[in-house]
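The primary structure of each chain is shown beneath.
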Amino acid sequence: DAKTTQPNSMESNEEEPVHLPCNHSTISGTDYIHWYRQLPSQGPEYVIHGLTSNVNNRMASLAIAEDRKSSTLILHRATLRDAAVYYCILRRPIYGGSQGNLIFGKGTKLSVKP
Amino acid sequence: DAGITQSPRHKVTETGTPVTLRCHQTENHRYMYWYRQDPGHGLRLIHYSYGVKDTDKGEVSDGYSVSRSKTEDFLLTLESATSSQTSVYFCAISAQQETQYFGPGTRLLVL
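These protein sequence lines map, in sequence, to chains A and B.
Sequential numbering from 1 applies to the first sequence in this note's numbering.
Sequential numbering from 1 applies to the second sequence in this note's numbering.
This is chain B alone, in the form it adopts within the complex (with noise of 0.2 Å):
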């Protein structure tokens, strides 16, 4: 399996409280990617990273910020939490845009 932890695993928060997901991969790859996985939907990008400091917006980019400072670590944040966040996350890795490894998900609840 490849190195990837996300922290938290759960979160509930309250509506307007700032949220931080951090994914972490221990393989070195480039590219991070942040996804949301909702009933109805599938799974959505909402930014990804091709390098340090190097980001840019996916699909569902809106209400969400990313910070990649380190190799290891992309973190979404949410800036200030509303109820249709609440959802899966998913952090993804690729070493070459080819296989994406999947993390085991945050599930995130704004009540």
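Just chain A, with the same shape it has in the complex (with noise of 0.2 Å):
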């Protein structure tokens, strides 16, 4: 699988829109963008995933590099409650019976200040 390369940390003002940037220079055509978050304690969370076309969500939008060589996953107002690690995952589909686990990096510790 891919790999992809994203902050170690980021911080944020509540109420601010955050940019969290992912780069996956070796993504293949059928790679699909997906972003989990994981808040304290808990386990991770689907937040959104894409293809080409950037997506939004109720929880956030993704803006896809024309290259599709990176991404970025946008927090239109930071909340306290948005304070995770957030993963940058690519994922190629898989049919049949075989895996389709996701393979997670280290992800971005984003802290939001209040």
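Since the hints were made in silico from the structure, they are not lab data.
Since the model is a prediction, treat every value here as computed from it, not as a measurement.
Keep in mind that the hints are not guaranteed to be accurate.
Stated by the list, open to error - Facing chain B, from chain A, some residues (calculated, C-beta under 10 Å):
| no. | residue |
| --- | --- |
| 1 | 32 |
| 2 | 34 |
| 3 | 36 |
| 4 | 85 |
| 5 | 87 |
| 6 | 105 |
| 7 | 107 |
| 8 | 112 |
Heads up, the beta-carbon is just placed ideally off N, CA and C, and yes, glycines get one too.
The task is to assemble the complex, starting from two chains supplied on their own in separate frames and drawing on the hints.
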């Protein structure tokens, strides 16, 4: 699986937008870009995913570069509850009975200041 | 929230003791996974299942076995627990190998 590179940590102020970058220069044409986050003492939580076009949902937006070698997760107004580790993961579709596990890196630890 | 429960949530055991962790889902999802999370390693896949009685190994399967006799239950067994298996264990489910939903985790301490 292709690797992703994320900053170890970022800080944000409450109610301000946050842009979390992810580099994936070896991404293949069929790799989906997934974002998960993990709040303290909880299991990971799905945030958003996309292939080529920018995506929006109630939690966040995902901006994907035209060459797909990088992407940015955008939290439009950070809250204290958004403090978590954010993981950018590339996921290749696998059909049949083969495994489809997620490969987690170390992610970006986001701190949100009141 | 996806209907996933893990039991027990916390367990302390001694080296050499067998341990079974249970993951239960109410979503009727086909795929189920067991991960472990350790400081400095992130989450790593132990075993996964793609259907009843269909399982396969993940990245760190040594010392672990799994069973899935019903769609809703996926059991992880440590045949003889070792201190290196002290970790937080997460179960996850997915319907079509896309979005995975994770359980709350089980903290296991092997003394």
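Evaluated hints:
A hinted interface residue such as residue 32 of chain A counts as satisfied when its beta carbon comes closer than 10 Å to some beta carbon of chain B; here the least separation is about 8 Å, so the hint holds. The restraint placing residue 34 of chain A at the interface with chain B holds, with a minimum CB-CB distance near 8 Å, inside the 10 Å limit. Because the beta carbon of residue 36 of chain A sits about 8 Å from the nearest beta carbon in chain B, less than 10 Å, this interface hint is met. Interface hint status for residue 85 of chain A: upheld, as the beta-carbon distance to the closest one in chain B is roughly 9 Å, under 10 Å.
Satisfaction of the interface hint for residue 87 of chain A is found here, the shortest Cβ-Cβ separation to chain B being roughly 8 Å, below the 10 Å cut-off. About 6 Å separates the beta-carbon of residue 105 of chain A from the nearest beta-carbon of chain B, less than 10 Å, and the hint is met. Given the 10 Å rule on beta carbons, the hint for residue 107 of chain A holds: about 7 Å separates it from the nearest Cβ of chain B. For residue 112 of chain A, the interface hint is violated, since its Cβ never comes within 10 Å of a Cβ in chain B; the closest pair sits about 22 Å apart.
When the structure is compared with the earlier hints, a violation turns up for hint 8 alone.
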